[in-house]
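Asker: Here are the chains, one letter per residue:
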Amino acid sequence: MKLLMLTFLAGLVALLVWASADLPDRADPHAPANRHLSPELTEMTESEVVIPNLVSAILADFRSYDTLGETFVIFTAGLAVVLVLQRSRRVPEEDGDE
Amino acid sequence: MIDEVAARFPYWATAVLLVVGLYGMIGKRSLVKQVIGLSIFQSAIILFFISGSLLEGATLPILYGVHGGEHADPDDFVNPLPHVLMLTAIVVGVAITGVALSFLVSIYREFGTLDEREMLDEMRK
Amino acid sequence: MNDRYDSVILHFVARVVMIPLIVVFGIYVLLHGELSPGGGFQAGAIVAAALLLVRLALGNRQAALQIPQGLLIWLACIGLGIYMFGGILPLILGANFLDYAPIPVEWYNKFAGEDRTPRAMGILIIEVGVFLGVASVLVLIYDLIAGSSRQ
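Protein chains in written order, with this note's numbering: chain A, 213 to 310; chain B, 4 to 128; chain C, 401 to 551.
I should point out that these hints are in silico values taken from the structure, not numbers from a laboratory.
Please note that the accuracy of each hint is not assured.
[Stated by the list, open to error] Calculated cross-link-like contacts (lysine-lysine; reagent style BS3-like; alpha-carbon spacing at most 27 Å):
#: 1; chain 1: B; residue 1: K31; chain 2: B; residue 2: K128
#: 2; chain 1: B; residue 1: K36; chain 2: A; residue 2: K214
#: 3; chain 1: B; residue 1: K31; chain 2: A; residue 2: K214
#: 4; chain 1: B; residue 1: K128; chain 2: B; residue 2: K36
Since the structure is predicted, the reported quantities are computational estimates derived from the model, not experimental observations.
Okay, chain A solo, but in the shape it has when bound (with noise of 0.2 Å):
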């Protein structure tokens, strides 16, 4: 079993490193992630935001939607938290001195 799961997880670092052939090469400014949107965000940053930080810009401006839904993510997850650890605490002081 054991052997039989190494096997799979050596096969998946083979096959991982056969596909990062197809990927573009490190830096490499002609890659079609930095050419496709990259350039379009910085002209809008710069003509429309006008603030030097390209990631807080598209952060908080041209993705604000997604931060709005990550935001609810962490507050979710605070809450989550409280509920499962808060009420099974609560439990042994009912009949506890208080």
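With the hints as your guide, set chains B and C onto chain A.
Answerer: Chains B and C in isolation, oriented as in the chain A frame:
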């Protein structure tokens, strides 16, 4: 040869890290180690995206000349979009780890162990 | 982890040197989020690190007295509310949700002597909301997990 290695190295490191995380998730019996494996898996994905944002001869994506009226050349800055995506992914990863750990705390209270097989034995009783 | 570790050096360094420095640095990172690397998420993580240092160095019980759990939940709610306010304010002023163009900034520019655009103002509002949410939820998760191991 050395150019090929330098061009592919981030992908290989990502593949190894991804599989280490996967091994932690499927090969370990302790639930804490599975959470650690999940965390390593996330770091592999984050490193993959960040290595994809690199550009030859580029600097960090802060347009310092933007108020002085100079026009910014996008080739001078690394791609900011993966940074944004990974910034949110890191924080979501922290939230996932927190929720997972809180589940582990309540599982430990219920079963008294964090070992998968002992837990299954306890449930079959 | 829950108990106070009695060491004068630890208490002095944590209280007097590290924690104020980290909190000030976090607020700097928040307010310079548009000018330099930084923003709400990073500042929230930094300030949460300072608050966790209080808990590690001075003990959970003393730290939890300063920021009780209910206050943390309220802070997370207020952070989300500030974010939604930043989205709904343009809606009231006649633009789309989260489209910061009509936010009034003249009073702020006159008050602070800056030339901030409406979009930069909207980004600042959003970042403050994210900052409050992230910082309070991180501390809340730590408090609950560490506090539950006591029993």
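Asker: Each hint needs a verdict: does it hold in this structure or not?
Answerer: We went through each hint and held it up to the structure:
With a C-alpha separation of about 23 Å, the suggested pairing of K31 of chain B with K128 of chain B holds against the 27 Å cut-off. Between K36 of chain B and K214 of chain A the alpha-carbon distance is near 17 Å, which keeps this suggested pair within the 27 Å criterion. A distance of roughly 11 Å separates the Cα atoms of K31 of chain B and K214 of chain A; the hinted pair therefore holds under the 27 Å criterion. A hinted pair counts as satisfied when its Cα atoms are at most 27 Å apart, and K128 of chain B with K36 of chain B qualifies at roughly 25 Å.
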